[in-house]
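J.: Below, each chain spelled out in residue letters.
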Amino acid sequence: MLVQSLISIAGIAFIVGVAWLLFRGSPPDALTSNEAKALAARDLTGFVPADALVSAEGRAALVAGAEGRLALVRRHGDHAVVRRLGDEARMQRDGAALRLQTGERMFGAVILDAGEDAALWESRLTALTKGTPGGSA
Amino acid sequence: MDLPDPVALAVPFFIGAMLLEILFVRAKGRPAGHYEWRDTATSLLMGFGSTVAGLLTGGVFVAAALFVAQFRVVEVGWAWWAFLLCFLLDDLAYYAFHRAAHRVRWFWASHVIHHSSQHYNLSTALRQTWTGTLSLSFIFSLPLFLVFEPAMVFFCSGANLVYQFWIHTESVKTMPRWFEYVFNTPSHHRVHHATNPRCLDRNYAGMLIIWDRMFGTFEPEPDPETEPLRYGIVKNLGTFNPFWVAAHEWVGIAEDIWRAPSWRAKFAYLLREPGWSHDGSRETSDDIRAAAGLTEPEAPPRLQAAE
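Chains as they are written, first to last, in my numbering: chain A, 10 to 146; chain B, 190 to 496.
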């Protein structure tokens, strides 16, 4: 049994190593505003995207939709994951930088540089979270 | 009769086939079947953990099987036709289990692990649950022990799982028409792993696709030019952490039960379909299909026409 387990572990290491060697050189493209909006529309039923804020390195984006809805798009490996933000979402603003958390365990935080629109995006999230400015409630 | 464990025998084949697929996909330079090393590592660790969990908890299944076997209603022995019949009925039991695993959240909490990769390649086949015994998913196989030798049932069940390995690939487009009509194939199973609305809760087959054709859950693969498939789950995890992959739905169930406003809702969070919520704030696969303008097909009592 021990020998079988060691063979399995060696096999796992071998396959992961080969995958790393052969595919590591092809990181996913940076998210664009249009791609982020398309992903949000595709993955969230009824979400009509209107505006998007993409992080500097293109790893994440905040998408504003109709009726004050917000979605977060984040690269995951060479794919992306999308979340509709709800009242558990939290945002901390430091100048133009917005630090966003979905409220979901293990999803992690996303930092976006909103530039001159920081106040606009902050107000959008504040409205979404029912009057909890800065997500501090 | 001493029968080997097909899964244990197949491990070197699994490794060799994955290596070939990696080299093939790399040589073709196509995105289809692409490997992402962290995703691959997670899938293979889930597979390894599943075998460890099987060693630790599989005795419960064996004990239940041997208990049921005491009440065997017929002795079919080891005849060749008994093997064939056992394969057939085991595959039907797998269909029943698999359908329940997508429609009852208790069973889904174990099975979701297998669907949690956004990639579709041979490593995805090995992304297996650690909590299969805990969720009692083996109960669907227990009636077989009323008829067949326990070792025969375990053998057929293992062979069925080994069969399902090769259908987790984008490197095989379609098989001959007659084969696609009878057997589960990469094309049929790609649909099962896709989250396009038309693909949700479709093609539950293990080895034979005939069950889906019979019970109205068959969906042919759409033309990738007009509707490319996207893989994973409706709410993709966004983590490669194998412990969270293994436990996330169980944690979600526990949280929902804790917050549920009534006992009725608490049980519903266990037994209703994934995505059900007491306040209607979430989406089930039926909701997503309806929003996409797809209506439920009428369940035909006979085989659907071949594609």
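It should be emphasised that the hints constitute simulated quantities derived from the structure, not laboratory data.
Think of the CB as a built atom: it goes at the ideal place given N, C-alpha and C, for glycine as much as any other residue.
Do not take every clue at face value.
Far from chain A, by Cβ distances over 12 Å, these chain B residues were calculated [what the hints assert, rightly or not]:
1. A197
2. F203
3. S232
4. L234
5. A271
6. F286
7. H308
8. T320
9. P409
10. A457
11. S470
Pair by pair, the computed Cβ-Cβ distance ranges are [to be verified]:
12. A:V57 - B:T415: 14 to 24 Å
13. B:I446 - A:G117: 47 to 57 Å
14. B:L460 - A:G55: 40 to 50 Å
15. A:A106 - B:P201: 49 to 59 Å
16. A:G34 - B:P339: 21 to 31 Å
J.: Against each hint, give a clear statement of whether it holds in the structure.
T.: Here is how each hint holds up against the structure:
For A197 (chain B), the requirement that its beta carbon stay farther than 12 Å from each beta carbon of chain A is not met, with the minimum near 7 Å. Interface exclusion of F203 (chain B) from chain A breaks down, the closest Cβ pair being 8 Å apart, not more than 12 Å. At the 12 Å boundary, the C-beta of S232 (chain B) falls inside the reach of chain A, the nearest C-beta of that chain being 9 Å off. Not every beta carbon of chain A lies more than 12 Å from that of L234 (chain B), the smallest distance being close to 7 Å; the non-interface claim is violated.
A271 (chain B), annotated as away from the interface, keeps every beta carbon of chain A farther than 12 Å; the closest lies near 30 Å. No Cβ of chain A comes within 12 Å of the Cβ of F286 (chain B); the nearest lies about 25 Å off, and the non-interface call holds. With a closest Cβ-Cβ approach of about 8 Å to chain A, H308 (chain B) is found to fall inside the 12 Å limit, against its non-interface label. With a least beta-carbon separation of about 18 Å from chain A, T320 (chain B) lies farther than 12 Å from that chain, consistent with its non-interface assignment.
Against the 12 Å criterion, P409 (chain B) stays outside the reach of chain A, whose nearest CB is about 22 Å from its own CB. For A457 (chain B), the shortest C-beta to C-beta distance to chain A comes to about 21 Å, beyond the 12 Å cut-off, and the non-interface label holds. A beta-carbon of chain A comes within 12 Å of the beta-carbon of S470 (chain B); the shortest separation is about 9 Å. Here the CB-CB span from V57 (chain A) to T415 (chain B) is close to 23 Å, well matched to the stated 14 to 24 Å.
Look at I446 (chain B) against G117 (chain A): about 26 Å separates their beta carbons, and that is not inside 47 to 57 Å. Distance hint check: the CB atoms of L460 (chain B) and G55 (chain A) are about 27 Å apart, inconsistent with the given range 40 to 50 Å. Between A106 (chain A) and P201 (chain B) the C-beta distance comes to about 51 Å, which sits within the given range of 49 to 59 Å. Taking the beta carbon of each, G34 (chain A) and P339 (chain B) are about 50 Å apart, not inside 21 to 31 Å as hinted.
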